[in-house]
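J.: For reference, the chains in residue letters:
There are 2 protein chains.
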Amino acid sequence: MNFLKIFLLFSLLPVAFSHETFDSRLLPRPLILEYPDIAETHFNDLENELRLHCDSWRFSVEANNVNPWKTIPEECAGYVKDYLTGRAYAYDLERVSKEAGVYAKSVELNGDGKDVWIFDIDDTLLSNLPYYADHGYGLEVFDTVEFDKWVEKAMAPAIKSSLKLYEEVLSLGFKVFLLTGRTEGKRKVTVENLNNAGFQEWHKLILRSADDHEKLAIIYKSEKRSEMEKEGYRLLGNSGDQWSDLLGTSVGLRSFKLPNPMYYIP
Amino acid sequence: MNFLKIFLLFSLLPVAFSHETFDSRLLPRPLILEYPDIAETHFNDLENELRLHCDSWRFSVEANNVNPWKTIPEECAGYVKDYLTGRAYAYDLERVSKEAGVYAKSVELNGDGKDVWIFDIDDTLLSNLPYYADHGYGLEVFDTVEFDKWVEKAMAPAIKSSLKLYEEVLSLGFKVFLLTGRTEGKRKVTVENLNNAGFQEWHKLILRSADDHEKLAIIYKSEKRSEMEKEGYRLLGNSGDQWSDLLGTSVGLRSFKLPNPMYYIP
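The listed protein sequences derive, respectively, from chains A and B. Counting from 1, position 95 in the first sequence corresponds to residue 95 in the numbering used here; the numbering is continuous, with no gaps. Counting from 1, position 161 in the second sequence corresponds to residue 1161 in the numbering used here; the numbering is continuous, with no gaps.
Read the hints as simulated data drawn from the structure, not as lab findings. In this text, all values refer to a predicted model and were calculated from it rather than measured experimentally. Where hints are given, some of them may not hold.
[As the list claims (entries may be wrong)] Derived DSS-like pairs (lysine-lysine); straight-line CA-CA distance at most 27 Å: (1) 1230/B / 1153/B; (2) 1224/B / 1105/B; (3) 105/A / 1215/B; (4) 105/A / 1098/B; (5) 1070/B / 98/A; (6) 114/A / 70/A; (7) 1098/B / 81/A; (8) 230/A / 175/A; (9) 70/A / 1098/B; (10) 1105/B / 98/A.
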């Protein structure tokens, strides 16, 4: 925010001076230049304005009103970074998992091994925050080559609250399906990364086959869910950070949208 | 927030004093009781904490993670009021309409009179904010009798940004369908209210018939949209403040979720 402050200071100086000039015509005033205070007020006003604007953008993203989008708005770069690295993102993630946990406990399982909870992987179970920290938290256009290098490291940490939910739904007797946009070629590193992060047990890990490469995520994931239904599975819960994880067809009984103001996948 | 401040002041005094006692053991300090400053710091901390908590609740509501819910959380009463009566709600409403307008202009119309935009009415076109202002902005459990009295007055003002979008989609050549949870008995006052608020032209106003009274909104609205599709209409846009306006079946090409942290309709 410091760069912004300096930029605003210089752009506000004329305002500060003109204000001073205007007042001095009307009232006798001490000859003390007050622009730092005035500038500070303007800083606060402008910071509030920026917060209003970026809060509104984030709401639009999370409610799926603004789509598609390629990068975060430049003016919200600081806001998004603060959101992700401060307490708010973790707080939001935890709330989603808690809501999901309450629902998972409330839903009646058939117990025939056909009760399913679906999890997306990236930024739902595993966090790519360390990668995005090096790439402007969504300010840079997505770079497949760079991101693949990160994936190959198998070093993405677990989202703590998601791991807790994961263990909870397993212990309740749900069958867990992992449905990811990653391709089959990434199976080995994905398993390795999941295990390293504490995810040990799942019924099926579904990755994109060659046939699925060109499909939009929302189509590919809908098709895979439809296959599950045809095999007799009941899709009771679905957790994902993208609306393309949750919308489309065969959407199941309940969906949980994890926050993600870093990127958008159609 | 004043009640909260007073409550917090009293609950924080012990903290303030204990802090004072602790410090005075370690360092020589002037004998001036500093608790107002300390309390002020705690106020800010607690206000930030409350903001984090209520921001997170609002995100959960708007992303459809927390559902169903009957009233807003008691501790967020001030937050919700500030949101609705300050600039943020209007700002968010305007952004949704702008996004919808950009989409409406971008979508290719067939021009055969079958291109449809659906609008919900309550808190999508007409604002019930004056009613909710008298009922704790969602803090009170919904009261059908009281709300009906308000509806009968036909005095709900237009949501300005929605009226603008409405006129925009009409001028682009969309057929407008109004799909509301209000019952047939309310047709006359609804038309009167819409006209008073500036909504003059629509293709069809669909209200709940006797058969639909007991249905969940999400079922009733899905059925009505399905009928439109069967009649050959293409559902290109859909605006609503409830997820039950937008999810279900026959969901159309694009949906726009207007903010509403006051109430939830399943």
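J.: Against the 27 Å threshold, does the CA-CA distance of residue 1230/B and residue 1153/B hold or violate the hint?
T.: violated, 36 Å
J.: Is it true that the CA of residue 105/A sits at most 27 Å from the CA of residue 1098/B?
T.: violated, 40 Å
J.: Quickly compare the C-alpha distance for residue 114/A and residue 70/A to 27 Å and report which way the hint goes.
T.: Distance of about 38 Å is beyond 27 Å: violated.
J.: Does residue 1215/B sit within 27 Å of residue 105/A, going by the straight-line distance between their CA atoms?
T.: holds, 26 Å
J.: CA of residue 70/A to CA of residue 1098/B, is that 27 Å or under?
T.: holds, 18 Å
J.: Is the Cα-Cα distance between residue 1224/B and residue 1105/B 27 Å or less?
T.: Satisfied, since the Cα-Cα distance of roughly 25 Å is no more than 27 Å.
J.: So if I understand the rule, the pair passes when the alpha-carbon distance is 27 Å or less; does residue 1098/B with residue 81/A pass?
T.: Distance ~26 Å between residue 1098/B and residue 81/A Cα, so the pair holds.
J.: So if I understand the rule, the pair passes when the alpha-carbon distance is 27 Å or less; does residue 1105/B with residue 98/A pass?
T.: violated, 40 Å
J.: Check whether the Cα positions of residue 230/A and residue 175/A lie no farther apart than 27 Å.
T.: holds, 16 Å
J.: With a cut-off of 27 Å on the C-alpha distance, tell me whether residue 1070/B and residue 98/A pass.
T.: This hinted pair holds, its Cα atoms lying about 18 Å apart.
Checked against the numbered hints listed earlier, the structure breaks hints 1, 4, 6 and 10; every other hint is satisfied.
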